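**Q** Respectively, the protein sequence lines represent chains A and B.
Take 1 as the starting number for the first sequence in my numbering and just add one per residue.
Take 1001 as the starting number for the second sequence in my numbering and just add one per residue.
Honestly, the hints are just simulated from the structure, not real lab data.
Remember, predicted model here, so these are calculated numbers, not experimental data.
Positions of the beta carbon are idealized from the N, C-alpha and C atoms, including for glycine.
Any given hint might turn out to be false.
Dumping the calculated DSSO-like pairs for lysine-lysine here, alpha-carbon to alpha-carbon at most 30 Å [stated by the list, open to error]:
id : chain 1 : residue 1 : chain 2 : residue 2
1  : B       : Lys1130   : A       : Lys162
2  : B       : Lys1071   : A       : Lys162
3  : B       : Lys1117   : A       : Lys162
4  : B       : Lys1130   : B       : Lys1144
5  : B       : Lys1079   : B       : Lys1130
6  : A       : Lys37     : B       : Lys1008
7  : A       : Lys40     : B       : Lys1130
8  : A       : Lys179    : A       : Lys10
9  : A       : Lys7      : A       : Lys179
10 : A       : Lys162    : B       : Lys1122
11 : B       : Lys1076   : A       : Lys84
12 : A       : Lys162    : B       : Lys1118
13 : B       : Lys1076   : B       : Lys1122
14 : B       : Lys1079   : A       : Lys162
15 : A       : Lys84     : A       : Lys179
16 : B       : Lys1008   : A       : Lys162
17 : A       : Lys84     : B       : Lys1117
18 : A       : Lys200    : A       : Lys134
19 : A       : Lys84     : A       : Lys7
20 : B       : Lys1117   : A       : Lys193
21 : B       : Lys1077   : A       : Lys162
A few chain A residues facing chain B, derived, Cβ under 8 Å [said to hold, decoys possible]:
id : residue
22 : Ala23
23 : Lys40
24 : Val44
25 : Glu51
26 : Asp55
27 : Met148
28 : Ser161
29 : Glu163
30 : His166
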Amino acid sequence: MKIDLYKLAKMNEIAKEGARRVAENLSAMLGMDVEMKITKIDFVTLSDIPEEIGDSEMVGVYLMFFGTPSGHLMVLFPVTSAKKVANLLLAGIGENGGNGENCDEFSELDLSAIGEIGNIITSSFIDGWANVLKTEIDISTPQVIHDMGSAVIDPIIVELSKEHDHAFVFNSSITAKDKDITCQIYVFPDMDKLVEALEKL
Amino acid sequence: MADRIRVKMGEYKVCNSGSVFVTTVGSCIAIGLIDPVAGVGGLAHIMLPESNGKNDNVGKYADTAVPAMLKEMEKKKAKKERIVAKIAGGARMFRFNSNKMDCIGDRNIEAVRRILKKYGIKIVGEDVGKNHGRTVEFHTSDGKMVIKRANRVTNEL
């Protein structure tokens, strides 16, 4: 596969556009200032990713997207951030009622709230892409996994590894400073299809 | 204290110096092999059942990792008839079973059992399936396998 510099610049642009929309939508939804800290494109050895993420406890939301391009996406929250997000969204609802930041366990309600945030992050990101690429992209329903970080990312890595040992990943980091909430977004687009979409611009 | 050596996804390591190999698996499987008499042990972290003829990355597939590890152990004076296995992993990482790729954990378990049987290696301990990740410590000094989940010990094989 050949990718010229112009296309890499264009890819950078779509990554940033996706990230910008995520920050915008999350700010509105959580009612606080949300910042997109890093957005970068890396070419990685897939088996290195679980090592980088490590074994600390995390909550991940996994989604697939279909269209031009298609691919896999994961939003990964450290466990404390996941708890805060659930509490913010569910303030006053259910058994949590905004407490329990230190509690390890997540209720079904917590997990579905986190899944919903993952859904919004993904839609925002993908809308940003679809807009720049002028294509239509659909997304799957979110799967929420609460486990050690490297085990959370495992299904994506295994799925991608069926075809390749390396991949392009769009990696972004989101922070809501006020509440000390962070998350990482990993997007693995099908590069052939992405390049195809870029060709058409 | 014995060395702790990390085994990455798709890798395998063999030693005769009593190291402790450590890896974390979700739907992947950790295969620990040990010849307790020779003091030779190894740990593989396989990702997929079959290589389908690919031989670029032997540690990645169950059907290529097992013979490669056996060969290296035999080079270090292990005897195949004394080698036994302990396995852990093969989880279904998704809570909802709507996705076909979710079967990969089950397929890995089935393949690892079949391949170990093919090489005449007995499984003397296993902690597989369910829906959670596992950190696996394999002690090559005595073949003990300690399984942790988010830093809590959950099983010892």
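**Q** Mind listing which of the numbered hints don't hold for this structure, in increasing order?
**A** Hint check: 5, 7, 8, 9, 11, 14, 17, 19, 20, 21, 22, 23, 24, 29 and 30 fail, others pass.
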